Amino acid sequence: MNSVISINNLSKVYTGGHKALSDVSLDIRSGEILALLGPNGAGKTTLISIICGIVKPSEGSVTVNGHDILSEYRITRSLIGLVPQELTLGMFDTVWNTICFSRGLFGKKPDAGYLEKVLKDLSLWDKKDNAIMTLSGGMKRRVLIAKALSHEPSILFLDEPTAGVDVKLRKDMWELVESLRASGVTIILTTHYIEEAEAIADRVGVIDKGRLLVVDDKDALKHKLGKRQLCIELENAIESVPQELSSWNLELADDGNQIIYTYDTYSEDTGVAGLMRAIDKSSLDLKDITTSQSSLEDIFINLVETQ
Amino acid sequence: MINTHAVKVIYKYEMLRAWDTIMQSFASPVISTVLYFVVFGSAIGSRIETVEGVSYGAFIVPGLMMLALLTQSVSNASFGIYFPRFTGTIYEVLSAPISFVEILIGYVGAAATKSLIIGVIILITAGFFVDLKVAHPIWMLSFLILTCVSFSLLGFIIGLWADNFEKLQLIPMLVITPLVFLGGSFYTIDMLPPVWQTVSLFNPVVYLISGFRWSFNEVSDVSIELSLAMVLLFSAICLLIVWAMFKTGYRLKQ
Ligand SMILES: Nc1ncnc2c1ncn2[C@@H]1O[C@H](COP(=O)(O)OP(=O)(O)OP(=O)(O)O)[C@@H](O)[C@H]1O
Ligand SMILES: [Mg+2]
Numbered sequence: 001m002n003s004v005i006s007i008n009n010l011s012k013v014y015t016g017g018h019k020a021l022s023d024v025s026l027d028i029r030s031g032e033i034l035a036l037l038g039p040n041g042a043g044k045t046t047l048i049s050i051i052c053g054i055v056k057p058s059e060g061s062v063t064v065n066g067h068d069i070l071s072e073y074r075i076t077r078s079l080i081g082l083v084p085q086e087l088t089l090g091m092f093d094t095v096w097n098t099i100c101f102s103r104g105l106f107g108k109k110p111d112a113g114y115l116e117k118v119l120k121d122l123s124l125w126d127k128k129d130n131a132i133m134t135l136s137g138g139m140k141r142r143v144l145i146a147k148a149l150s151h152e153p154s155i156l157f158l159d160e161p162t163a164g165v166d167v168k169l170r171k172d173m174w175e176l177v178e179s180l181r182a183s184g185v186t187i188i189l190t191t192h193y194i195e196e197a198e199a200i201a202d203r204v205g206v207i208d209k210g211r212l213l214v215v216d217d218k219d220a221l222k223h224k225l226g227k228r229q230l231c232i233e234l235e236n237a238i239e240s241v242p243q244e245l246s247s248w249n250l251e252l253a254d255d256g257n258q259i260i261y262t263y264d265t266y267s268e269d270t271g272v273a274g275l276m277r278a279i280d281k282s283s284l285d286l287k288d289i290t291t292s293q294s295s296l297e298d299i300f301i302n303l304v305e306t307q
Numbered sequence: 308m309i310n311t312h313a314v315k316v317i318y319k320y321e322m323l324r325a326w327d328t329i330m331q332s333f334a335s336p337v338i339s340t341v342l343y344f345v346v347f348g349s350a351i352g353s354r355i356e357t358v359e360g361v362s363y364g365a366f367i368v369p370g371l372m373m374l375a376l377l378t379q380s381v382s383n384a385s386f387g388i389y390f391p392r393f394t395g396t397i398y399e400v401l402s403a404p405i406s407f408v409e410i411l412i413g414y415v416g417a418a419a420t421k422s423l424i425i426g427v428i429i430l431i432t433a434g435f436f437v438d439l440k441v442a443h444p445i446w447m448l449s450f451l452i453l454t455c456v457s458f459s460l461l462g463f464i465i466g467l468w469a470d471n472f473e474k475l476q477l478i479p480m481l482v483i484t485p486l487v488f489l490g491g492s493f494y495t496i497d498m499l500p501p502v503w504q505t506v507s508l509f510n511p512v513v514y515l516i517s518g519f520r521w522s523f524n525e526v527s528d529v530s531i532e533l534s535l536a537m538v539l540l541f542s543a544i545c546l547l548i549v550w551a552m553f554k555t556g557y558r559l560k561q
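These protein sequence lines map, in sequence, to chains A and B. Okay, so the first sequence: first residue is 1 according to my numbering, each after it adds one. Okay, so the second sequence: first residue is 308 according to my numbering, each after it adds one.
Simulated from the structure, these hints should not be mistaken for lab results. Any given hint could be a false lead.
[As the list claims (entries may be wrong)] Computed footprint of chain B on chain A; a stretch qualifies when at least three of its residues, placed anywhere within it, have a C-beta under 8 angstroms from a C-beta of chain B:
no.	region
1	52-65
2	104-118
[What the hints assert, rightly or not] The calculated DSBU-like cross-link candidates involving lysine-lysine, where the alpha carbons are at most 35 angstroms apart (straight line), are:
no.	chain 1	residue 1	chain 2	residue 2
3	A	Lys109	B	Lys560
4	A	Lys209	B	Lys560
5	B	Lys440	B	Lys560
6	A	Lys218	A	Lys168
7	B	Lys315	A	Lys109
8	A	Lys56	B	Lys319
9	A	Lys56	A	Lys140
10	A	Lys127	B	Lys319
11	B	Lys440	A	Lys109
12	B	Lys315	A	Lys168
13	A	Lys120	A	Lys171
14	B	Lys560	A	Lys56
15	A	Lys127	B	Lys554
16	A	Lys140	B	Lys315
17	A	Lys120	B	Lys315
18	A	Lys127	A	Lys108
19	B	Lys554	A	Lys128
20	B	Lys560	A	Lys108
21	B	Lys440	A	Lys140
22	B	Lys554	A	Lys209
23	A	Lys128	B	Lys319
24	A	Lys109	A	Lys127
25	B	Lys440	A	Lys108
26	A	Lys108	B	Lys315
None of the values given here were measured: they were computed from a predicted structure. All C-beta atoms, glycine included, are put in the ideal place defined by N, C-alpha and C.
Pulled out of the complex, with its shape left as it was, chain A reads as follows (with noise of 0.2 angstroms):
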């Protein structure tokens, strides 16, 4: 798939001194889902904002469908949409009047057609006239999501899109999301929610301390750092593993009813077949063997750690 932003070598020196991104380089791809993902302050709005011409950048370059964001920002900003983490919005204006203007501001012909569409996707259509200040706070998120979508951007960026909305409206979120990149647009989003990314992206970027520390796809990720783990249950409680188990690094849990192995996906001899032998061997009466997968946050939680 081709590269639909480029981010090559940038940096952000915030006036104080502080250095909020530091030398990030990653390519975007056409119609995926790519989820930021970071702790607060990690970065991912400066990063964000940059592209989207709200912050200047310090260092380094970007280009959207390969022009740059600098020389040719009238291409490149008329092809985003924002979706910015605050609630941002003019208290006092109209739903409706908000979202002309939006459009207007990125060089659009008024389309009331189209506005009616967004709306209506939204479930905002009968708050059109509206004052927003009249508007629950999932209500003003989803304004914030027509004033972005007004213009018809290929690409969009929601920071943060599901903080502070209730487990329907996150569900929606994601739902619309899919139904965004059905039609063909690009999505970037930032949370802290691992199951978020899980959820819906296709590819997890992990930001910390401004330096993007790996970027793939959520599955390769979760193969390429993530452990599987045995957990043999036992029908009678052991007190210690048992000496001929030794040379695997087995855990007991459950009061002595459980025995857990942790291994990696990806080495050579996973030493499943060997446990499983010599278990067989012992005087162990097996109950039940499950395995699970480490999640995204278990991975995050690592990398964040050791850096």
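Based on the hints, put chain B with the ligands in the right spot on chain A.
For chain B with the ligands alone, coordinates are given in the frame of chain A:
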């Protein structure tokens, strides 16, 4: 290539905002001007002889218009750009495919239009109180428009510079209002003692009011050419500051 849609919507929604707060935007400057007329024009003015052949009521009309225009231009334009900075909605303008010049035209254009409307309303209102004559309508209109635009530019600069509401009010209160009052709104400069006449020549508003008044009734403190030159110079300085701000991304972009 210019993003005309963007300029249009900025202009339109700034005007719409004025319409929503019509009492504050249009009624209050008009009411305060009427009060000036009642107090200075009718009550006190009836005891004052004519100034260079013009009744005192008619004499103060240009100055009163300038007082309203200057304060309104500055406060409209500064608030227009400061408010989105304050609420954070400016992010959208910054992320739009629009140049600084277009942002400027939208916001300053709307602010100047509002002041222009206020100026015209005051002029019409004044007609009910005094016998108005406009000797040089084209000059009058030119001064009117130039003043609205240049002081809206000044307001825009203040709106970019201010980082709190106090600073936003500071310049209009501490600078603009005194300059207008001391700029000959209610008197001609030669009524002042000689020292203050000299000091007044450093007040740019003197040239504005003088030129504007000349276009009404051909009474002026300084020559019309000098007035015009000073107004143009003032506009040029504002434009230069705005341009410098634009170059550095001043207060808009980190
Ligand atoms: N305008 C600014 N001036 C100075 N420093 C800033 C500015 N904006 C952000 N920073 C700093 O840059 C760093 C990265 O901030 P950023 O907002 O990009 O983080 P983030 O990953 O979006 O965090 P969060 O998950 O909390 O939204 C932080 O340390 C922050 O304090
Ligand atoms: Mg953020």
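The hints, checked one at a time:
no.: 1; hint: 52-65; verdict: holds (count 5)
no.: 2; hint: 104-118; verdict: holds (count 6)
no.: 3; hint: A/Lys109 to B/Lys560; verdict: holds (27 angstroms)
no.: 4; hint: A/Lys209 to B/Lys560; verdict: holds (22 angstroms)
no.: 5; hint: B/Lys440 to B/Lys560; verdict: violated (49 angstroms)
no.: 6; hint: A/Lys218 to A/Lys168; verdict: holds (24 angstroms)
no.: 7; hint: B/Lys315 to A/Lys109; verdict: holds (10 angstroms)
no.: 8; hint: A/Lys56 to B/Lys319; verdict: holds (29 angstroms)
no.: 9; hint: A/Lys56 to A/Lys140; verdict: holds (28 angstroms)
no.: 10; hint: A/Lys127 to B/Lys319; verdict: holds (22 angstroms)
no.: 11; hint: B/Lys440 to A/Lys109; verdict: violated (45 angstroms)
no.: 12; hint: B/Lys315 to A/Lys168; verdict: violated (39 angstroms)
no.: 13; hint: A/Lys120 to A/Lys171; verdict: holds (17 angstroms)
no.: 14; hint: B/Lys560 to A/Lys56; verdict: holds (7 angstroms)
no.: 15; hint: A/Lys127 to B/Lys554; verdict: violated (41 angstroms)
no.: 16; hint: A/Lys140 to B/Lys315; verdict: holds (25 angstroms)
no.: 17; hint: A/Lys120 to B/Lys315; verdict: holds (26 angstroms)
no.: 18; hint: A/Lys127 to A/Lys108; verdict: holds (23 angstroms)
no.: 19; hint: B/Lys554 to A/Lys128; verdict: violated (39 angstroms)
no.: 20; hint: B/Lys560 to A/Lys108; verdict: holds (24 angstroms)
no.: 21; hint: B/Lys440 to A/Lys140; verdict: violated (54 angstroms)
no.: 22; hint: B/Lys554 to A/Lys209; verdict: holds (30 angstroms)
no.: 23; hint: A/Lys128 to B/Lys319; verdict: holds (19 angstroms)
no.: 24; hint: A/Lys109 to A/Lys127; verdict: holds (23 angstroms)
no.: 25; hint: B/Lys440 to A/Lys108; verdict: violated (47 angstroms)
no.: 26; hint: A/Lys108 to B/Lys315; verdict: holds (11 angstroms)
In this structure, the hints that do not hold are numbers 5, 11, 12, 15, 19, 21 and 25, in rising order.
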